[in-house]
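Student: In order, the protein sequences belong to chains S and D.
Numbers 10 to 373, taken from our numbering, label the letters of the first sequence in order.
Numbers 1136 to 1590, taken from our numbering, label the letters of the second sequence in order.
FYI, nobody ran anything at the bench for these hints, they're computed from the structure.
All values reported here derive from a predicted model rather than from experimental measurement.
Among the clues, some could well be false.
[Said to hold, decoys possible] Beta-carbon label-pair distances, calculated as ranges:
| # | chain 1 | residue 1 | chain 2 | residue 2 | range |
| --- | --- | --- | --- | --- | --- |
| 1 | S | 141 | D | 1408 | 33 to 39 Å |
| 2 | D | 1586 | S | 70 | 45 to 51 Å |
| 3 | S | 65 | D | 1390 | 51 to 57 Å |
| 4 | S | 118 | D | 1479 | 32 to 38 Å |
| 5 | D | 1408 | S | 208 | 49 to 55 Å |
| 6 | S | 330 | D | 1295 | 25 to 31 Å |
| 7 | D | 1399 | S | 191 | 40 to 46 Å |
| 8 | D | 1495 | S | 141 | 47 to 53 Å |
[What the hints assert, rightly or not] List of simulated lysine to aspartate or glutamate pairs, EDC-like, C-alpha gap at most 20 Å:
| # | chain 1 | residue 1 | chain 2 | residue 2 |
| --- | --- | --- | --- | --- |
| 9 | S | 332 | S | 372 |
| 10 | D | 1345 | D | 1334 |
| 11 | D | 1509 | S | 103 |
| 12 | S | 354 | S | 308 |
| 13 | S | 255 | S | 302 |
| 14 | S | 354 | S | 291 |
| 15 | D | 1498 | S | 110 |
| 16 | S | 354 | S | 302 |
| 17 | D | 1498 | S | 103 |
Even for Gly, the Cβ is constructed at its ideal location relative to N, Cα and C.
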Amino acid sequence: MSSVELDQVTIRFGDFVAVDNCNLTIESGEFFSFLGPSGCGKTTILRAISGFNEPTDGSVHIGSKDMRGIGPNNRPTALIFQNLALFPLMSVADNIAFALEVRGIKYNERRRRAEELLDLIALPGQGDKMVSELSGGQMQRVAIARALAVEPEVLLLDEPLSALDLKLRQHMRTELRSIQQRVGITFIYITHDQGEALTMSDRIAVMSAGIVQQVGNGSEIYNNPATSFVASFVGENNAFPGKVSKADSEFAVIDTSFGSLRGVNNRGLSEGDDAFLFIRPEVLYPATSDDTDEDALFESEVMKEEFEGSFLHVFLRSENPDKPYKMAIVNNANVQRRSTGEMVKIAFDPRRAVALPYGELADE
Amino acid sequence: MSDGLPSSHIILAQSGIMPSLPTPSEPKPTPETAAPSSPFSGITPSLPGSGTPSSITPSLPGFSAPSTSPSSSPNASSGTSNLNITITNPDKLPDLPPGQHELKLVIQDGSQQPPADTGLGFIEIFIAVVAALLIAPFVQRQAGKWSANLNAFQFVQRNGIAISAYLLFFTVGWIVFMIVLPQLYMFDFSFRHNLNPSEIGGPADTYTLKNYIYLIFGREGDSDLLNWLHLAVFTKTIIASVIVTIINFALCYPLAYFMAQSVRGSNQRLLFLCLLLPFWVNEILRAFAFKLIFADLGLMNSFLIGIGILDQPYDFLSANVALYTGLTYAYILLMIFPLYNAIESLDPNQVEAARDMGASWIKIHTRIVMPHAKPGIASGCTMVFMLTAGALAAPNILGGPSSLWFTQIIYQWYNTGGNWPQGSAYAFVLLISCIIFVRIMMRVFNVGLGDIAKR
Chain S
10 MSSVELDQVT IRFGDFVAVD NCNLTIESGE FFSFLGPSGC GKTTILRAIS
60 GFNEPTDGSV HIGSKDMRGI GPNNRPTALI FQNLALFPLM SVADNIAFAL
110 EVRGIKYNER RRRAEELLDL IALPGQGDKM VSELSGGQMQ RVAIARALAV
160 EPEVLLLDEP LSALDLKLRQ HMRTELRSIQ QRVGITFIYI THDQGEALTM
210 SDRIAVMSAG IVQQVGNGSE IYNNPATSFV ASFVGENNAF PGKVSKADSE
260 FAVIDTSFGS LRGVNNRGLS EGDDAFLFIR PEVLYPATSD DTDEDALFES
310 EVMKEEFEGS FLHVFLRSEN PDKPYKMAIV NNANVQRRST GEMVKIAFDP
360 RRAVALPYGE LADE
Chain D
1136 MSDGLPSSHI ILAQSGIMPS LPTPSEPKPT PETAAPSSPF SGITPSLPGS
1186 GTPSSITPSL PGFSAPSTSP SSSPNASSGT SNLNITITNP DKLPDLPPGQ
1236 HELKLVIQDG SQQPPADTGL GFIEIFIAVV AALLIAPFVQ RQAGKWSANL
1286 NAFQFVQRNG IAISAYLLFF TVGWIVFMIV LPQLYMFDFS FRHNLNPSEI
1336 GGPADTYTLK NYIYLIFGRE GDSDLLNWLH LAVFTKTIIA SVIVTIINFA
1386 LCYPLAYFMA QSVRGSNQRL LFLCLLLPFW VNEILRAFAF KLIFADLGLM
1436 NSFLIGIGIL DQPYDFLSAN VALYTGLTYA YILLMIFPLY NAIESLDPNQ
1486 VEAARDMGAS WIKIHTRIVM PHAKPGIASG CTMVFMLTAG ALAAPNILGG
1536 PSSLWFTQII YQWYNTGGNW PQGSAYAFVL LISCIIFVRI MMRVFNVGLG
1586 DIAKR
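Take these sequences, add in the hints, and give me the full structure.
Tutor: Here is the structure:
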């Protein structure tokens, strides 16, 4: 097993900086995800690890060995392509055993190994089928088996689930995770789907515009985002822009157009800074007479309501009419509906609101 | 042709005359046809050096043809509609007075019978019966579908009468009139004697296998068992065509791969233009250019002597270097484009995936790219092989003195030999052999006809 270390990796294409000074250590046996919108440089990082691109600056180490100048065929990695790139003219078994074939391993041995891998991916005895005869999910698993055939130390997955429909995608998440736990090797997973990243990964690196914004496990990233981009990209969030009027080591009070509101100050905001206060929809609730903390109360107008079953979503007027604030109320059978245009008092728990320096927001 | 006459009448009249005319040009009632009008016959005499048909003819056995200037002088008498073609061929008609050789070609007057009516021979009827028997089961099977498909009428409704007729004519009409009928006509021809016009339709006009027998066994009474010379030329032509095809593939495959997978945008267009532009120069000129390049004092020799590789000129022409180069270059586009099309449709990720799994470049090409491009490879190789085997201009111009292409023999039968049936038989043997060869190769490499048509 070996860890993957990115040491000040910068990758440029002409003037365009695809990856900017990325420092990361991915532990061996870890399920590590790169999460970010398309064009954020995550695939470029993957290709640098697999050897299809060389970093412009910095270095990639796999198992503490510098990989500069080593081609993709000589690295202990295997890449699963977004479109899988299975060989359509070969049978399933030939596909899986292709890497063994090019290493000159005898047919019988290849066949035996292919059968083993087919068992691993729960497709026993299907080796003689053609790739085109398989369903989308089966192809997925064959692609994984093909990549595992070389016994790589690091498996690289480039959004392999994006072509599947929702149900299959959710099923494949658990499948992938269980395969990873069975084989015990490092998985590096690229996705723009936060649901995939959050459910499968041990740790996640959130990327934007070539910069790694935050590395952490799912709950860290969700509950304690490091930047405004992470806060707005991972999960739904309501951003209240304003100026810090009071700050200490624990909380910061931000003057917003909805009055002064308080949130956790983990990023060292001080008085006078431009800032965002992020409050997730499930943190907001209709105020009751018990809610007396003025810094955790505001008033807004109901624009519309959407009943989803388990949740009632209430859309509240914000400064930007295209981006209303969202409040999610758990449906506990006696949830109260409101009419459009009604002014409501909203309260929240300041310990679950996050104050962050002003910065880039993710597009919806 | 003038109007007011059923067209079939004219065709019939012509078909009766054509076989026995010793000139390859069509017997149209115009004075120009009297002069030989083949493009090659115009070039041949001006060619210095070897490789021209005229210089080869004497070495061929069996060209018992008379002098190569048959004079068919059309005496289009004005006022009347009769055209008298007088054949003055002293070798073939030694003891008849010239008046007897007058052939009357009816142009306008329907009341006169065409002079020679070939009629339906045994072979035509035989072929028709066999063909009918062959397609009968198919017709029976399809009859049900066809009746259900009477909605093919929808085709007309959808496209309108004009467009439907146009489409039908240029698919069915093209195949029938441009390909099937002429080939059938030649096929029939190859089984006939080389007769004088007056004998056509007469008792001497029978079917014979002698034209084919001649190719294999040579002239009757020859000491040799087989017609070694022609068979050797035939075999050499096929082998040389295979070699040219292989060279062509070896040259084009890397280029096509590069253009399909590595070059993008304007660079790709520039490359295509570079490939296409030289083909605006016509084939004959290009062949002569190659001849100049490879001549004793040509560019290639000057260059090689200049850099010290050779100390005296090397005869590229007799060594057939010029011929192979010219033939390879002549059909290079027909190889590149099918290859390019086939390789272009390959997902680049497949190549990367194979690379990622440790495949060498050779493995990537033999296991991933070539299997994917197989239909294109088959299509390109088939076209290059067929056209090379059937090439005439390049062998004529670039061939060394000892080299003879099978097509040149065919050309001589038609042109200098004046024996059209013999030429037809040779041409048919070449055509059928090439088709059989290609089909065998397709079977060996497991390619279907449909795969080729896809590209």
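Student: If a hint holds in the structure, say so; if it doesn't, say that too.
Tutor: Hints and how they fare:
Distance hint check for residue 141 of chain S and residue 1408 of chain D: the Cβ-Cβ separation is about 38 Å, which falls inside the suggested range of 33 to 39 Å. Judged by the Cβ atoms, the range 45 to 51 Å given for residue 1586 of chain D and residue 70 of chain S holds: they are separated by roughly 48 Å. Checked against the given bound of 51 to 57 Å, the beta carbons of residue 65 of chain S and residue 1390 of chain D, roughly 31 Å apart, lie outside it. Checked against the given bound of 32 to 38 Å, the beta carbons of residue 118 of chain S and residue 1479 of chain D, roughly 36 Å apart, stay inside it.
The supplied range of 49 to 55 Å is met by residue 1408 of chain D and residue 208 of chain S, whose beta-carbon atoms lie about 53 Å from each other. Checked against the hint of 25 to 31 Å, the pair residue 330 of chain S and residue 1295 of chain D fails, with Cβ atoms roughly 54 Å apart. A C-beta distance of roughly 42 Å is found between residue 1399 of chain D and residue 191 of chain S, which places it inside the suggested range of 40 to 46 Å. As the Cβ distance of residue 1495 of chain D to residue 141 of chain S is approximately 27 Å, the hint placing it in 47 to 53 Å is violated.
With a C-alpha separation of about 11 Å, the suggested pair residue 332 of chain S and residue 372 of chain S falls inside the 20 Å cut-off, and the hint holds. For a cut-off of 20 Å, the pair hint linking residue 1345 of chain D to residue 1334 of chain D stands: about 18 Å separates their Cα positions. Taking the CA atoms of residue 1509 of chain D and residue 103 of chain S, the gap is near 19 Å; set against the 20 Å cutoff, the hint holds. A threshold of 20 Å between alpha carbons decides the hint, and for residue 354 of chain S with residue 308 of chain S the separation of about 4 Å falls inside it, so the pair holds.
A hinted pair counts as satisfied when its Cα atoms are at most 20 Å apart, and residue 255 of chain S with residue 302 of chain S qualifies at roughly 15 Å. With a CA separation close to 15 Å, the supplied pair residue 354 of chain S and residue 291 of chain S stays within the 20 Å bound. For a cut-off of 20 Å, the pair hint linking residue 1498 of chain D to residue 110 of chain S stands: about 10 Å separates their Cα positions. Using a Cα cut-off of 20 Å, the hinted pair residue 354 of chain S and residue 302 of chain S holds, with the two alpha carbons roughly 12 Å apart.
Our distance criterion of 20 Å between C-alpha atoms is met by residue 1498 of chain D and residue 103 of chain S, whose separation comes to about 14 Å.
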